[in-house]
Amino acid sequence: MSLAWDDVQLFLAVAEAGSLSGAARRLQVGQPTVSRRLADLEYRLGAQLFQRRAEGAALTGAGERLLEPARRMAEWAAEVERASELGQGAGLRGVVRVTAPPGLAFDFVAPLAARVRERHPELRLEVLSAVQRLDLTRGEADLALRLQPTVSSELAVLGSFTTPNRVVVARSYAERLPRRPTLQQLDWISWAAPFEDIPPTPQLKALIPDFRPSFTSDNYLVQWRACEAGLGAMILGGPRHRLSLPMELVSLDVDLGPHRESTLHLVCAKSALALPRVRAVADLALAELQPPPPRARGAARR
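Using this note's numbering, read the sequence shown as starting at 1 and increasing by one per residue.
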């Protein structure tokens, strides 16, 4: 039998999310719908694709054999969609999906959307504040801000920027600390399960023996609010840029050792670069991320 594209999307969502509930969130449908459609797909194929378990859904042998062809089909579908858009002479209009870690999505990409609308009124950003990495080659997003370099030959790195990592706390919390606190003296706020391996938690584990955070959440804004309330310290990464909003948190003079800096990459699928809507947003993002030119020696101070 031939598989419809909807069937492939369903299969990939379950395989990559590892559960029916995760697939339902990705597809933006209810879990009973995913369960019903998956059962129908397996019936039509005459093969069980997943073992349903309490902890999730695991691929069977038949599912494993289908996985790579399904991924290639998803990439081809994205290529066809982009080629079709170019063939229709699409201009500077439509939606551009940008994925970024939660902190960068909050601090940089959201205010960038206002700049995009100011310059290109018919463009709209859809910001995907994703902890997990989305697949650009399959069109899950158009642009990505990433802290890890890309290794795929299908992706292009449009720009890389070295950014400082800062330890920030509420003023009320800072007043209770020594002048030069150590990492061990701070109460840390970090990611809760299932995101314990998301930066900066691994870096803190490397720097602090027997690291135990004082507060955890699976939501970045909850962590931020806890920090503002004086519960502890967070590490903030990302560039200083003119879109940044003033914040009440203060930076501490704390040595982060080899983790005092990160490298941020703006990444795009090569096939998407020819799309005017994607190129326009990429150019605006790059312009905002460029560090300011150094002041000339002897320049007048204001």
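Simulated from the structure, these hints should not be mistaken for laboratory data. Beta carbons: idealized from backbone N, C-alpha and C, even for Gly. Any given hint could be a false lead.
Beta-carbon label-pair distances, calculated as ranges [said to hold, decoys possible]:
#: 1; residue 1: 165; residue 2: 209; range: 16 to 22 Å
#: 2; residue 1: 230; residue 2: 165; range: 19 to 25 Å
#: 3; residue 1: 180; residue 2: 288; range: 32 to 38 Å
#: 4; residue 1: 174; residue 2: 68; range: 17 to 23 Å
#: 5; residue 1: 159; residue 2: 225; range: 28 to 34 Å
#: 6; residue 1: 119; residue 2: 250; range: 49 to 55 Å
#: 7; residue 1: 162; residue 2: 46; range: 52 to 58 Å
#: 8; residue 1: 219; residue 2: 28; range: 28 to 34 Å
Here is how each hint holds up against the structure:
At about 20 Å, the beta-carbon gap between residue 165 and residue 209 stays in the expected band of 16 to 22 Å. A hinted range of 19 to 25 Å for the beta carbons of residue 230 and residue 165 is consistent with their spacing of about 21 Å. Taking 32 to 38 Å as the suggested C-beta distance range, the pair residue 180 and residue 288 conforms, at roughly 34 Å. At roughly 52 Å, the beta-carbon separation of residue 174 and residue 68 lies outside the given 17 to 23 Å, and the hint is violated.
For residue 159 paired with residue 225, a C-beta distance near 31 Å keeps the hint of 28 to 34 Å intact. For residue 119 and residue 250, the hinted distance range of 49 to 55 Å is not satisfied, since their beta carbons lie about 34 Å from each other. One distance hint, 52 to 58 Å for the beta-carbon pair residue 162 and residue 46, holds here, with the actual separation near 54 Å. The hint said 28 to 34 Å for the Cβ distance between residue 219 and residue 28, and at roughly 19 Å that hint is violated.
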